[in-house]
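Enquirer: What follows is the residue order along each chain.
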Amino acid sequence: MLRKLGWLLPAVALTVPAFAGAEEAAGVSDAMFTVNNLWILLAAALVFIMHLGFATLECGLTQSKNTVNILFKNTFIVCIGILTYAFVGFNLMYPGDFQLIPGVLGFAGFGLDAGAEGVTQAYADGAYTYWADFIFQGMFAATCCTIVSGAVAERIKLGPFLVFCTFFVAIIYTIAGSWKWGGGWLDALGFYDFAGSTLVHSVGGWAALVGAWMLGPRIGKFKNGQTHPIPGSNLPLAAIGVFLLWLGWFGFNGGSVLSADAAGVSYVFVTTSLAAAAGGVAASLTSWVKFGKPDLSMALNGILAGLVGITAGADVISINASMLVGLIAGVLVFFSVLFFDKIQIDDPVGALSVHLVCGIFGTLAVGIWGTTADGADMPLMPQIIGILAYAVFTLICSFALFSGIKAVMGLRVSAEEETDGLDFGEHGMHAYDLPKVSMSGAGEDR
Amino acid sequence: MLRKLGWLLPAVALTVPAFAGAEEAAGVSDAMFTVNNLWILLAAALVFIMHLGFATLECGLTQSKNTVNILFKNTFIVCIGILTYAFVGFNLMYPGDFQLIPGVLGFAGFGLDAGAEGVTQAYADGAYTYWADFIFQGMFAATCCTIVSGAVAERIKLGPFLVFCTFFVAIIYTIAGSWKWGGGWLDALGFYDFAGSTLVHSVGGWAALVGAWMLGPRIGKFKNGQTHPIPGSNLPLAAIGVFLLWLGWFGFNGGSVLSADAAGVSYVFVTTSLAAAAGGVAASLTSWVKFGKPDLSMALNGILAGLVGITAGADVISINASMLVGLIAGVLVFFSVLFFDKIQIDDPVGALSVHLVCGIFGTLAVGIWGTTADGADMPLMPQIIGILAYAVFTLICSFALFSGIKAVMGLRVSAEEETDGLDFGEHGMHAYDLPKVSMSGAGEDR
Amino acid sequence: MLRKLGWLLPAVALTVPAFAGAEEAAGVSDAMFTVNNLWILLAAALVFIMHLGFATLECGLTQSKNTVNILFKNTFIVCIGILTYAFVGFNLMYPGDFQLIPGVLGFAGFGLDAGAEGVTQAYADGAYTYWADFIFQGMFAATCCTIVSGAVAERIKLGPFLVFCTFFVAIIYTIAGSWKWGGGWLDALGFYDFAGSTLVHSVGGWAALVGAWMLGPRIGKFKNGQTHPIPGSNLPLAAIGVFLLWLGWFGFNGGSVLSADAAGVSYVFVTTSLAAAAGGVAASLTSWVKFGKPDLSMALNGILAGLVGITAGADVISINASMLVGLIAGVLVFFSVLFFDKIQIDDPVGALSVHLVCGIFGTLAVGIWGTTADGADMPLMPQIIGILAYAVFTLICSFALFSGIKAVMGLRVSAEEETDGLDFGEHGMHAYDLPKVSMSGAGEDR
Amino acid sequence: MKKVEAIIKPFKLDDAKEALNELGVHGLTVTEVKGFGRQKGHTELYRGAEYVVDFLPKVKLEVVVADDLAGKVVDGLVEAVRTGRIGDGKIFVSPVDDVVRIRTGERGEEAIA
Amino acid sequence: MKKVEAIIKPFKLDDAKEALNELGVHGLTVTEVKGFGRQKGHTELYRGAEYVVDFLPKVKLEVVVADDLAGKVVDGLVEAVRTGRIGDGKIFVSPVDDVVRIRTGERGEEAIA
Amino acid sequence: MKKVEAIIKPFKLDDAKEALNELGVHGLTVTEVKGFGRQKGHTELYRGAEYVVDFLPKVKLEVVVADDLAGKVVDGLVEAVRTGRIGDGKIFVSPVDDVVRIRTGERGEEAIA
Ligand SMILES: Nc1ncnc2c1ncn2[C@@H]1O[C@H](COP(=O)(O)OP(=O)(O)O)[C@@H](O)[C@H]1O
Ligand SMILES: Nc1ncnc2c1ncn2[C@@H]1O[C@H](COP(=O)(O)OP(=O)(O)O)[C@@H](O)[C@H]1O
Ligand SMILES: Nc1ncnc2c1ncn2[C@@H]1O[C@H](COP(=O)(O)OP(=O)(O)O)[C@@H](O)[C@H]1O
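Protein chains in written order, with this note's numbering: chain A, 1 to 446; chain B, 1 to 446; chain C, 1 to 446; chain D, 1 to 113; chain E, 1 to 113; chain F, 1 to 113.
FYI, nobody ran anything at the bench for these hints, they're computed from the structure.
Warning: the hint list may mix true and false statements.
To be verified - Derived DMTMM-like pairs (lysine to aspartate or glutamate); straight-line CA-CA distance at most 25 Å:
1) B/Lys342 <-> F/Glu50
2) F/Lys40 <-> D/Asp88
3) B/Lys223 <-> F/Glu50
4) D/Lys40 <-> D/Glu110
5) F/Lys72 <-> D/Glu110
6) D/Lys3 <-> E/Asp88
7) A/Lys290 <-> E/Glu62
8) D/Lys3 <-> E/Glu106
9) D/Lys72 <-> D/Glu50
10) F/Lys3 <-> E/Glu106
11) F/Lys3 <-> E/Glu62
12) C/Lys293 <-> B/Asp125
Predicted model only: the values in this text are computed from it and were never measured.
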């Protein structure tokens with residue numbers, strides 16, 4: 001998703017194998033500009049709908065007494081994500097020439113300003129306007145907080161969580177992002193992350209890990225060294241979430257081509273779908289073999305695992321490798337869920353397994369299976385450096401941020417509130433008023 | 001959304017500040033024609049999905065005993081809206097030369113006919129075909145009835161409501177629309193309403209006001225001068241509704257650029273999103289400050305308030321002003337809900353506060369913050385005249401229509417039916433057969 | 001959806017009346033290539049979302065004790081559908097020159113390979129790339145299994161069902177598809193099926209019939225010659241399903257234009273929507289007249305009936321005829337549901353009535369109301385031959401396949417498992433943990 | 001002590017509660033139940049077929065009171081929830097040997113309120 | 001009068017209702033309950049961990065009848081709902097002092113049906 | 001025989017079950033109910049208006065035991081579910097004339113467990 005802006009630091013050119021991107025063209029026709037820009041806008045709309053996907057997935061896999069809280073968090077995150085991105089985020093992530101510590105930290109000022117060239121082809125060689133750029137990137141930004149939301153669900157205080165998100169999305173995520181997509185030092189190093197296996201998913205995942213670890217598990221989840229599942233309250237909602245996320249991923253990955261280039265976008269659609277499908281099948285079968293019955297929640301997580309896994313290299317990985325990435329991610333997510341349960345880190349929706357673990361795997365996959373446009377293998381070392389750099393930075397920042405907030409406001413709701421549900425404690429509302437199952441005449445033999 | 005047809009009355013040219021619309025071009029390339037047209041079609045699909053958003057929002061904020069009825073209403077409205085628009089609506093709203101009372105009432109005949117030029121660039125200077133025009137406008141049309149649906153929910157008889165909607169969408173809405181978008185007298189006067197804060201939202205809102213007032217409140221809503229909330233039955237459905245509405249609004253506003261013009265559409269995406277986000281945050285914080293706890297239903301209404309507010313001027317209002325519009329709309333919707341409760345007009349979903357109040361505010365906002373393409377401030381007076389004209393026309397027409405229907409068929413279901421639920425009374429069905437919460441072993445400490 | 005590949009068998013040119021498709025052009029501009037290809041990709045995304053529509057519709061119209069099972073089936077089908085289509089399906093359906101029995105069976109080899117020309121205009125005259133072609137067709141493929149899923153729901157064993165689907169989507173559907181869209185013998189004969197009333201819907205429907213018939217009805221559905229309805233558990237989910245299906249149909253039919261041709265795609269959007277709307281209204285009114293109350297589930301099925309009905313001829317049927325097709329389909333689906341109940345074939349979601357019956361009707365409609373580009377009436381005979389050919393082939397194949405699977409693995413779950421629910425039996429999970437309706441103070445008069 | 005069990009129409013719950021409060025009874029337990037009796041079930045439609053729902057939603061109210069209050073409670077309830085239409089419900093009075101307030105361990109009549 | 005309470009398997013509800021009807025008992029009240037007893041709960045899976053659901057869904061049927069009918073009602077119910085498999089449930093018979101029909105104010109046995 | 005009915009806080013259900021198991025009582029029936037008593041209901045918000053939810057979720061536990069076990073069961077339950085805070089609930093003990101195990105037709109005390 002590296003923006004091709006003339007005034008950026010020189011970037012290593014890594015493009016899709018087997019075809020040359022149309023976006024290289026210096027001047028494109030008006031129609032091409034229009035279709036390119038339209039696709040970025042549609043991709044933004046698709047990424048937007050991922051937020052609904054995250055919201056319903058999280059509601060589906062948690063208890064109904066916390067549903068209002070989860071809906072509120074996810075609604076608020078989108079809003080605050082877009083607003084802070086307009087105020088500071090965009091200009092922190094894409095500082096251009098305004099470097100404070102070159103390649104590490106820059107800031108192009110507060111607010112949005114398209115300038116004279118922002119709505120012309122001059123802005124990005126006819127690929128999109130300034131406004132399309134902003135809205136696409138802005139929709140992306142909020143997703144990394146949503147990842148955190150899932151892992152800390154059902155026990156974190158609302159206010160502190162929102163404060164965390166605001167700073168995380170406005171500053172931590174955007175500075176981290178600038179290192180690669182903003183043309184910073186990791187970009188210069190040859191680190192490759194097409195649409196954000198690391199920049200979005202692992203970054204969100206590391207923060208989620210810190211949050212889940214600092215909060216501790218939900219009451220009753222682990223007792224005497226054993227895991228006591230707390231079943232999700234509404235699996236249709238969870239399934240709706242995953243389908244919407246897959247849909248949105250067409251925009252997340254497809255839009256990261258940063259033009260409507262026929263070859264590039266179609267290829268990315270295919271690798272993305274194949275990885276998702278392979279992830280879903282792999283996680284289903286793994287749970288089937290392991291437990292004798294296939295687990296729907298694992299199948300759903302498997303699809304997401306495949307999607308996260310392919311995100312770093314959707315444009316540089318071959319068709320067969322994309323299925324392999326999905327398969328491995330699907331198996332990985334299964335065992336990762338078991339692993340986090342074993343070390344008693346409570347992650348109600350599997351956010352760590354999906355976004356952190358598969359985000360890392362996907363980033364490595366680029367170094368293992370990726371090939372550049374001219375057929376050369378892509379190097380593994382920059383990938384490892386990138387993964388580590390983001391791990392260290394995000395762990396430190398989110399630990400500091402969570403700790404500061406904890407000291408001032410506290411992080412976890414009281415045991416009584418947790419038992420009663422955050423819907424009542426934080427909002428004084430309840431999510432559902434549904435009738436009981438009717439014992440109707442037709443049911444006699446059921 | 002004024003269609004640029006050669007044979008329309010001359011319209012005051014008001015376009016987006018800081019960029020010149022590509023649609024001005026006389027002859028465009030085939031590719032440009034294709035991408036323009038594709039965007040209008042996609043916008044129509046996005047507006048279509050708003051109907052699902054309205055349906056789920058309304059179901060979510062009402063009682064489960066009326067859910068079948070609400071789903072049926074919303075499903076039927078879409079169908080009847082499109083069909084009547086094909087029969088008469090399109091030709092009432094865009095009568096072209098066929099004026100009966102010039103600028104006030106015209107009718108170009110029954111049914112659809114693309115004519116020889118309908119699928120060529122000649123139809124709209126390469127911006128869209130006749131068919132794309134129809135389907136986009138047709139999807140819009142039904143939305144104004146859906147607004148009414150929410151305000152009269154849980155107590156209106158089905159048959160009378162559907163009769164009202166049929167006439168309202170086929171005739172009242174379309175004649176009203178012709179005054180501005182059809183190139184009528186308000187357009188000539190310089191009234192500006194980009195995508196319908198007034199033409200769609202207030203028009204729907206005024207009819208909703210008449211309906212809610214004529215029906216009276218639901219049993220039990222107000223007692224001894226006090227408001228007794230009737231909580232929504234399914235808040236996840238309500239949240240799904242609002243996210244889908246926001247998504248659809250990209251088509252509602254973005255499509256109203258009436259071409260895929262890169263500058264125009266991207267700008268509108270940004271103002272629309274910023275207003276929505278600001279509205280959500282404002283309403284959340286207002287409820288938080290006022291009641292000590294943030295109200296999810298207010299946050300959701302706040303997003304819609306921001307969206308309705310920006311709709312009249314999404315293309316002529318600056319970035320900062322768009323956030324301001326959202327903020328004000330978010331606060332406005334909060335106090336408006338309280339106000340309608342105070343005057344005991346019962347509006348189960350907040351349709352009056354969202355669509356009527358913020359629709360009016362958004363229309364005024366154009367006169368306050370709007371600037372034309374050449375940087376001039378837009379006048380306030382035509383906006384006020386427009387708001388009043390639509391208020392008077394819609395109030396009279398919908399009062400007459402509701403009264404006529406009431407005389408012939410009655411409007412409100414019996415108290416007994418209301419108590420039992422309209423699902424049983426009007427449909428003989430029930431919406432949910434869900435199991436009770438299980439008291440499983442894992443729940444002991446929860 | 002006939003792909004215009006140079007190396008296909010000559011196809012009878014049947015295009016939309018009143019306009020000449022832009023896709024005929026030999027060389028198109030880069031921008032045109034890009035917008036064409038983008039539309040096919042977007043159409044693929046829209047078809048993808050139909051799977052969510054099918055999943056929620058099926059969950060909504062069945063009992064909550066089988067919801068996990070239904071979500072799992074639908075999730076798995078999408079994944080397996082895409083994967084098998086990549087492995088063998090695409091090359092079976094579009095074998096090109098690699099004919100084993102010319103016009104009847106061909107196979108272009110395992111796996112995907114874009115070749116040198118796959119991402120250039122050479123692949124399909126600038127209409128789409130190889131990858132866009134694959135992903136669009138691949139998303140289509142899985143839909144026909146989803147049709148089967150609905151008809152056999154609540155009683156079929158999971159493993160056997162998935163085995164059936166895998167073979168059905170990989171081999172039976174694709175071979176059948178090759179006869180027409182792959183340029184096979186039915187295409188040569190002049191059989192016309194624009195987007196698959198027969199190729200997708202009836203083919204799925206015939207298999208559904210075999211499955212529903214072999215399994216027998218659910219326990220308790222028919223007793224003493226009487227139908228005992230088993231009400232759906234979640235009608236909002238069902239409505240969400242139908243709206244998403246309608247939305248997806250814009251891609252299903254609109255994408256089948258196989259380019260973004262302004263005239264073609266817009267026309268198809270209009271016929272598709274009018275038929276859907278007419279179907280919804282017709283089924284609603286029929287149930288209203290027949291039972292005194294309008295049936296939501298019939299209204300929803302009516303919309304789908306209209307959509308299936310128009311699918312074969314969305315591009316060759318006039319506007320008025322499209323409404324007529326929808327109307328007839330809406331009435332047809334109503335009586336068809338009653339008919340299948342009468343002959344005691346238990347179809348929980350009405351899949352046979354919607355997809356099989358209206359699929360056949362829609363295919364006939366082409367022969368009745370269809371006109372070619374040059375205004376000639378389209379012949380009825382090839383339509384009848386096509387319907388029969390697909391009936392015979394699919395009935396035989398799916399009977400053989402189901403029988404084989406039955407012999408080896410069994411088809412139906414035990415009566416005890418059926419009573420307890422497949423969620424427990426097949427997955428050891430349950431779908432919902434929702435609170436009971438609260439008896440709150442505000443409810444006193446309700 | 002007596003247990004007074006009343007099966008009533010759901011929308012009469014608050015009236016019943018108020019009647020009890022007026023009698024000085026401040027504790028009660030409520031259960032959603034389905035009732036079958038003289039009141040006819042209603043007919044529903046689903047996908048072109050009719051079926052009868054026999055069991056109607058009712059609310060069961062349980063209140064344990066001292067012997068001498070039982071009569072008044074019964075009368076108060078009857079008055080509060082009667083609509084005169086079929087399906088108004090039934091009241092059952094039955095003996096209770098002992099009552100314990102869990103919080104304090106109190107027993108008998110003093111544990112009641 | 002007696003209250004006969006039967007805890008039965010949910011799918012036997014209609015059989016029970018028919019048996020009661022044959023005995024001339026036309027009023028009953030039904031509650032969804034969860035039961036714990038000899039019948040083993042079942043094991044569920046969720047995200048890679050197993051857990052036991054102890055409480056099984058049962059239906060509680062309450063019917064108040066005249067003393068002399070109680071025996072027949074018990075026998076009729078036993079016959080109607082027995083499957084012979086563990087978990088078939090229990091029937092409890094307990095005394096009822098008085099019955100009131102809310103609609104009419106009738107008391108005692110005539111209030112029952 | 002006696003029926004011991006306990007209205008308790010929902011999250012104490014498993015503690016209650018374990019206490020019963022220790023006393024050798026292996027059968028019980030549980031119902032979700034709503035309770036009204038000294039414990040104050042809580043205030044909820046909805047769209048800018050406050051309202052009080054009077055009825056709080058409780059769980060009703062019913063267990064039928066032999067006469068001599070009733071006292072121990074009551075004591076065991078009190079100990080297991082008491083938190084000392086208002087709203088802990090009540091236990092009611094009432095007479096039961098007969099018990100039948102549907103599966104076997106056994107009667108009386110031997111039908112209980
Ligand atoms: N013998 C009975 N035992 C238990 N519950 C009964 C009995 N008779 C009636 N009921 C309950 O009382 C409710 C009302 O009874 P019904 O016969 O319909 O009307 P009414 O109370 O007006 O005579 C029933 O729905 C049922 O729940
Ligand atoms: N002592 C008891 N008190 C109350 N309910 C009981 C008692 N024993 C059993 N039950 C109820 O009866 C149901 C069936 O009992 P169970 O022991 O499982 O099988 P069976 O009835 O075949 O002996 C239980 O699920 C429970 O609801
Ligand atoms: N007289 C009564 N009859 C029936 N149920 C009662 C009675 N009194 C209390 N209850 C039940 O016991 C619950 C707890 O009672 P409450 O007065 O709130 O607290 P405490 O038990 O601590 O005195 C109530 O919610 C209600 O369900």
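Enquirer: Taking the hints in turn, state whether each one holds.
Expert: We went through each hint and held it up to the structure:
1. B/Lys342 <-> F/Glu50: holds, 13 Å
2. F/Lys40 <-> D/Asp88: With Cα atoms ~29 Å apart, F/Lys40 and D/Asp88 exceed 25 Å; violated.
3. B/Lys223 <-> F/Glu50: Roughly 14 Å separates the two Cα atoms, so the pair holds.
4. D/Lys40 <-> D/Glu110: violated, 42 Å
5. F/Lys72 <-> D/Glu110: holds, 21 Å
6. D/Lys3 <-> E/Asp88: violated, 28 Å
7. A/Lys290 <-> E/Glu62: violated, 45 Å
8. D/Lys3 <-> E/Glu106: Between D/Lys3 and E/Glu106 the Cα gap is close to 19 Å, so the pair holds against 25 Å.
9. D/Lys72 <-> D/Glu50: violated, 44 Å
10. F/Lys3 <-> E/Glu106: violated, 28 Å
11. F/Lys3 <-> E/Glu62: holds, 15 Å
12. C/Lys293 <-> B/Asp125: violated, 48 Å
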